[in-house]
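S.K.: Got chain A sorted already, so can you dock chain B onto it with the hints?
Residues per chain, in single letters:
Number of protein chains: 2
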Amino acid sequence: MKKLIVLLFIAICFNLTAQESNSDTFIKYVNPFVGTKNMGHTYPGATVPFGMVQLSPETDTVQFEHNGKYNPDVYKYCSGYQYEDKTIVGFSHTHFSGTGHSDLGDFLVMPTTGQLKLNPGTSDKPESGYRSRFSHDNELAEPAYYKVFLDDYNIQAEHTATNRVGFHQYTFPESDDSHIILDLISGIYNYEEKNVWTFVRVENDTLVTGFRQTNGWARTKTVYFAMTFSKPFYQYGHKKYDENIYKGFWRKFDETKNFPEMAGKKIRAYFDFKTVKGEKVKIKFALSSVSTDGALKNLKAEIPHWDFEKVKAESQDFWNKELSKIEVETLTQNDKETFYTALYHTFLGPITYMDIDGAYKGLDQNIHYAKDFTNYTIFSLWDTYRALHPLFNIIQPKRNADMVKSMLAHYNQSVHKMLPVWSHYANENWCMIGYHSVPVIADALVKGNLSDDFDYNVLLEACVNTATYEPYDGLDYYMQLGYVPEDKNSSSVSKTLEYAYDDWCIAQIAKVSKNQNVYDEYIKRSQSFINVYHEKTGFMQPKMSDGTWKQDFNTLSTHGQGFIEGNAWNYSLYVPHQPEQMIELMGGKERFVQHLDSLFTMYIDDEHFAGTEDITRDGIIGNYVHGNEPGHHIPYLYNWTNQPWKTQERIRMIMETMYSNTVDGLCGNDDAGQMSAWYVFSALGFYPVCPGSDQYSIGSPLVKSAKINLDNGKQLIIEVENQNADNVYVEKVIINGREIKANHILHSDIVNGGRIIFHMTSIPTK
Amino acid sequence: MKKLIVLLFIAICFNLTAQESNSDTFIKYVNPFVGTKNMGHTYPGATVPFGMVQLSPETDTVQFEHNGKYNPDVYKYCSGYQYEDKTIVGFSHTHFSGTGHSDLGDFLVMPTTGQLKLNPGTSDKPESGYRSRFSHDNELAEPAYYKVFLDDYNIQAEHTATNRVGFHQYTFPESDDSHIILDLISGIYNYEEKNVWTFVRVENDTLVTGFRQTNGWARTKTVYFAMTFSKPFYQYGHKKYDENIYKGFWRKFDETKNFPEMAGKKIRAYFDFKTVKGEKVKIKFALSSVSTDGALKNLKAEIPHWDFEKVKAESQDFWNKELSKIEVETLTQNDKETFYTALYHTFLGPITYMDIDGAYKGLDQNIHYAKDFTNYTIFSLWDTYRALHPLFNIIQPKRNADMVKSMLAHYNQSVHKMLPVWSHYANENWCMIGYHSVPVIADALVKGNLSDDFDYNVLLEACVNTATYEPYDGLDYYMQLGYVPEDKNSSSVSKTLEYAYDDWCIAQIAKVSKNQNVYDEYIKRSQSFINVYHEKTGFMQPKMSDGTWKQDFNTLSTHGQGFIEGNAWNYSLYVPHQPEQMIELMGGKERFVQHLDSLFTMYIDDEHFAGTEDITRDGIIGNYVHGNEPGHHIPYLYNWTNQPWKTQERIRMIMETMYSNTVDGLCGNDDAGQMSAWYVFSALGFYPVCPGSDQYSIGSPLVKSAKINLDNGKQLIIEVENQNADNVYVEKVIINGREIKANHILHSDIVNGGRIIFHMTSIPTK
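Protein sequences appear in the order of chains A and B. According to the working numbering, the first sequence is numbered sequentially starting from 7. According to the working numbering, the second sequence is numbered sequentially starting from 7.
These are calculated hints, taken from the structure and not from any lab test. Treat the hints with caution; some may be incorrect.
[Said to hold, decoys possible] Derived list of chain B stretches under chain A, where covered just means 3 residues or more per stretch with a C-beta under 8 Å from a C-beta of chain A:
| hint | stretch |
| --- | --- |
| 1 | 195-207 |
| 2 | 214-220 |
| 3 | 364-377 |
Even glycine gets a Cβ: it sits at the ideal position worked out from N, Cα and C.
Just chain A, same shape as in the assembly (with noise of 0.2 Å):
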C-alpha cells in the first residue's frame, strides 16, 4: 500500500513535470532569493543572461571601516543584500553574484515622497533617511524581474534589464513631493576614500549623464552612465558631501538647485515630480565602461521605447531560452526550483564588458573593440575553472570560446603579460591564487571549443608568459625550487599544488599545440605537487626555503599552516591531473580510502571551522567543506578507489542537504556560480574532476531524466531509471545502449548526443 502510494506520487510528479517540460516557462523554477540569506553572497534583483547590468536591492549601505576599525559586516553585504534586513536603501545597477569579496554597487536609485532627504539613514532608524522599510509579502523575484513596495513611501517599485540597460518603474502615490534620488557615494565595500571622482549633467529635464570612478577592488574603475526618465523632473539639485574639494569660481553659482554640471567625490543628487496616485514614473538607467556617449548608444540600442511590459517579456524570454539549454525532470518540485536557479545562477557571470558596439575600457585604460566576439569581465577564476567553464563547454560553447578571446584581450592589455587571476571591469584584483585562466583555456581547448580562429601557439605562449611571470606569488621560488617555500611566501602548498596543476593544463594545451618542449617542461613541473608531500605524516605541508618542513604543523588550520580556504585534510587531495598518483603517494588505495572516510566524519572544532571561510555551519560534513571550492572535486575521489559508492552516497548526500530552494539555500558563497555549477553537474550524474581532460567522473544523478540541448543541433538524452530518495546508487550506466565499464563518461558521449541511462539502485555497488 505505501508502495501505491509512492508510484502514485511519483506518476502525479512525472505528469507534473513531463507537462511543465513541454512549456518553455523555465523561468517558474527560479528562485532568485534562493542564496540571499547567510553566506550565498547572491542577488535576487534583475539582469538577463550574462548581462552587464544586474539591477538589484541593496538592504544595507555598510562602510568599510567602523569607528575607525574594519567592520566585518561589511561581507555580509557583497551582493548589497541580505535576505533578513527590514529595509530597503535602494536599487543599484552592478552587483557580483555570490562572491566573497566584493565591489560594484554603482548608482543606487531610490524613489521617495514626502520631505526630502540625502542621506540613506540607517536600518534602525529608517525615518531617518531616504531608506524605507519592506516586507517580503510585498516582494517578488524572478528571472528578469523584480518587485517590491516600499511601505514608508507608498511606492511599488518595480525593475526589469536588458544586458545594458537597467529599467526602473515606479508607482507614485499622489504626490507634490516626489522624488528620485541618485546616490553617487553609495556603494558595496564602501570606503571613506572609495570614491575618486563622480560627475553628473543634466542634459535637459529628461536625461542625466555621468560617471562614478573608484579606487577599489578593482583600482582604476570608471563606470559612465546615460539616466532617461519618462516624465520630465520640475526641479532637480544635489548636495555635495565633499569636505576638502577645489570650489573654485563655481562659488559664483548656488550648485545645489537646478545646476547642470556636478562634479566631486561625494555626490547625491534628486530629482523632482508631481505625481498623482498611480502614476508611474520610469527610468532607463544604461551602463558604459567606455563613456556617457557609449552608455546613451546602448540605451537607445536596447530599449528605445517605454514599454516596461515588453521589456520585461522580452527578458524572461531569453532566460528562458537560455535555460532551456538543459530540461531536466525531478523527483519533487524543490529539486526542480533548486536545478534550475543553480542554472540561473551559472548564467549571472562573467558579464558582458563591452558596449554595443564593441567599445570597452581596457587594463591599459584605453578604449579597445572586441572584434568578432563579446568581451566578459569578472572572471572569480580560482572558483569557477572547476566547474563552470567546463558547464559552459557543454551548453555555452560560444560564450565560453568569447570569455577565452576575453581573457585572452586582457593579457594582451596587462602590463604584467598575465591571463586574468581574479579580474574585473578591466582591472587584475590578484585575488586567491594560481594562474587558473589556463585551466579555463585548457578545458574549452580539449573539448573542441576553441575553433580555428585561436592561434593554439598565442594561446600557449599567453600560458606559459602567465606561468612564469617571477614577481607572482612565489613563482620565482616555484621555478627554482619546485615549490613555494612557506617562508618566502604564504598559502604555499595551496599556490605549489595549483600551479602543478595549472602546468599539467599548460601541457595539454602544449599537447595539441604540437610543442613538445613546452609540453615536456610542463609535464615535469606538474609533478611538483610531490616536493610538498610528506611521506610521514600523509599530508602536503610546508616546506621551506632551506628544504625542511614547517615546524608547528596543525592539519585542521587553515592560515599559516600553508593553505588558503582550506586545511591539510581537504587541500592534500588536490591533485586533480593525477589522483592515481596522488594516492598511490598517500600509501594507495585503501589508506586513501580511510583518509576521506576520516575526512567526512571527523568533527571540526569551532576555531578551526571559521579559518575555513566563507561558509556557514551547514557547508560543512565532518571536516570536508563543501562551501568553499577547494573540497569541490573530494567527493567524486572514491571513484579512484575500490569504494565508488561512497562518492555516490556523498554527492547525493551534499546536493540533498548544502542545495535547497529557499533563501539559505547555498551553504556557503555561490563564488561566481561555481557553487551551482557543482550542483548542475552533479545533478546530471557527473562532474569534471579535472579540466583539461575529456572525463567526467560519475557521480549519483539527483535527476530523473534530463535533456541537454547542444548547440551544435544534437541532444544528450539522460533517463535515470529507479529514481528515487533511497536509491542513490549506480548500478550500472549505459551509454547508447552499451555499459560502460569505467567510472567516468568522455566528453564525446556528451556532444555527440545520444542517450546515458543510470540504472540506480539502493544497494552499494561494492
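M.R.: Relative to the frame of chain A, chain B by itself:
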C-alpha cells in the same frame, strides 16, 4: 656735433636692424625670461607656437594651504617659475603663460644623481630633497629651447619641444646612481586633494605611460602621457604617499620596486641608470587629453627619432616663421627685443588641444574629433578679447577662425549651452566676468575671417543662448532690470558694462546674419551702461535691485564697490562700443578730458592699490592701471576728445615705462598674451579699442618701420617718419598716399596691404 653723433648712432642702428630684418633669426630677439620676475607670470621653458606642451622649470612647488590657511605665495607660482629663486625643483609639461590664477604643472621630471630622494625638499634646504641649486649664469632660454646646469648633480639639462612632445636631454656625470624622477604629486596651485587619481604603467624598460587626473581650476581634468627613454633603465620603482588608499590584494606584491603598474592619488616614481661621464639620457614626453594610446601616437608622429638638435632646429624654425609675420625696425635693440618677446608671448596661447588625429576630450568627458580644424584650449577671454584675438585677426586669421570653431565646440558640449568664459582642458572654470567669446566671434566675423564654412545663424544662436543663460552671474537681473543689482550679485557695475558691450557685439553678428529682431534687441541691451551711470557723481556706480544707488560709495576702491580688478575711475570709462555717447553722458569732451587727466595724475594710496590686483606698483600711472585689463583702452580715449595728442603721449609713455626686455619687463600678469598684444598693437601705432568694429584707434608708433606679412599674400608696410624718443606725437598719417583725417584706421587699410606712413613730431598737434 651732438646731432652728428646721434645721426651716426641712428645710422648704425638702422644698418644693424636692416641687416637683421633680412635674416630669419627673429628668435634671437626673444627673451623668454621677460616677465619671470614679479607678476608677469610667464615661464621661460620650451614650447612651440600654440603648442600643447610647455616644458618649463618649476623653481618652487608651493602648497595652496600653509599651516591650514591659504598660502598667498601660491599666486607667485602661477607659471611655476620665479626669477629670484635659487633652486629648481624639476621640469613639468603644462604651464599657463601670464595668468593670474593657475593650475597645471603636470608631470614633473627631475634628473638627479647620488642617493635617491623622492621629496622635492625646500628652497632653504635644497639638499633635503631632489631639487637642485642653479645659477642664472648657467641658464639659457630661447624660443623652443631651455638649458640649465643643475649644480647639485652636475647635470646639464636641456629641453626642446614639438607641439605635443617635450624633449629632454640630460648630460650626466659618471654615476652608478643616476635617476630620473617622475613626480605625479607635484603641480601648480597644488592643494592636498588636487590629485584625484594617477596611473602609471611601465610598458617596457624604455617606455612608461599613464595619466594624472586633477580637481583644480579645471574641475575634472585628466592628462595622459607617454614617456620614452633613449636608454633602458635598469631598475625603477615608486613610492605612494596616499594615506587612505585601498590596498586590496596588491599587498601580495612589493609594489615599490620594479612593479610595472602604479596607481594612487599620490605617487612619485623613479627610473635608475648607470651613466658614464658626459652621457646623455634623453626623454621624449608626449601628452594627450584622450588616452595613453593618443599620447603614444603623438609621440611617434612628432618625434620618430632621437636627434635633439634636429627637433630644436625645426621648432626654432617654426618660431622664426611665426615671428616673421611682423618684421620691425626699431630705434634700439632693447625695443626690438621687447617687441619680439611680446609677439612671442602672444603666440603662447590658446594652445593646441587635440591629438595628432584630431581627438580630444570634451566638456562632456567624451572623446570628440576636430574635423578640418585645430581645436584649441585655454581661453582667458576676459583678457584676450581686447587685443590678442584682434591681433590674431591680422596675423593669425586661420588660427583665430579655428579658435572660434573651438569655442563653438565648447558651446556644443557645454551642458549650460554657453560659449566659454574662461576655459581650459575642456573645463569651464568660470573665472572673471562677461561673455567675451562674443566679441571674439564678432571681431573675427566683422573682419572677414569667418569664411563660408561657418553658419552665421549658428554663431548667432550660440551668442544669444550664452547671453540669456539666467543662472549666470546676474544675467537674470540684467535682463529684467537692465543692470545687475549690487545687492543680488557682486561686481555688478563691471558686469553691467561688459554685458552691454558684449550685447553690442551680438548686434553686430545679428547685422551680418541679417537678423533684425536680434539686432534690435541687443542694440537695446547694449545701452544698459546708461542704467549704472550716476549723473550726480559722474561715475558708473552700483545700483540696488530697488533702483536706488548703493550707499557709501568709494570711487577708489574696487572690492565691494561694484567692480572687479578696477575701480570707478577706470571702470566708468568702459563703454568701448559707444565712447561718444559715454563722453556725452559724462558731461562732454571737456569734462571727460579732465577725468582722464585726473586719472593719470592722481595718487592712489597703498590700500586702494592693493585692490587693483595682479600688478606691481610700477603697473600704475596715477590711478590708471596698465597692469590689469579693464583700462587697456583708456589711454586711447583722448582720441574721442579734442586732445588726441594726449593719447599719443600716454601710449608712448606706457610702452617705455611698463614694458622692457628684462626679467621684470612686465608690470602685471601677461594674462595669456593680452598685455603683450597691447604692446604689439601700440608699437605699430594703433589699437582695437572696440573689437567687433573695424576701426583701430591711432596711438603713437614705437617702431621705425614694420612689415606685416599677411596670410593673403599682401604686405602692409608701416613707415614712421621722424621717429625718435622725443617725437612721440603724430603729425599726420598717410595711407597709400592719402592723408587721413580721422583718429582711426580701418581693418581694410591693413588687410588690403599697402603703406601707412606716420609722420612724427615733438610738438603735440593741438
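S.K.: So, for every hint listed, does it hold in this structure?
M.R.: Hint check:
Three residues within the 8 Å Cβ limit are the bar, and the stretch 195-207 of chain B against chain A gives 8, so the coverage statement holds. By the rule of at least three residues with a Cβ nearer than 8 Å to a Cβ of chain A, the coverage given for the stretch 214-220 of chain B holds, with 3 such residues. For the stretch 364-377 of chain B, the stated coverage by chain A holds: 4 residues have a C-beta nearer than 8 Å to a C-beta of that chain, and at least 3 were required.
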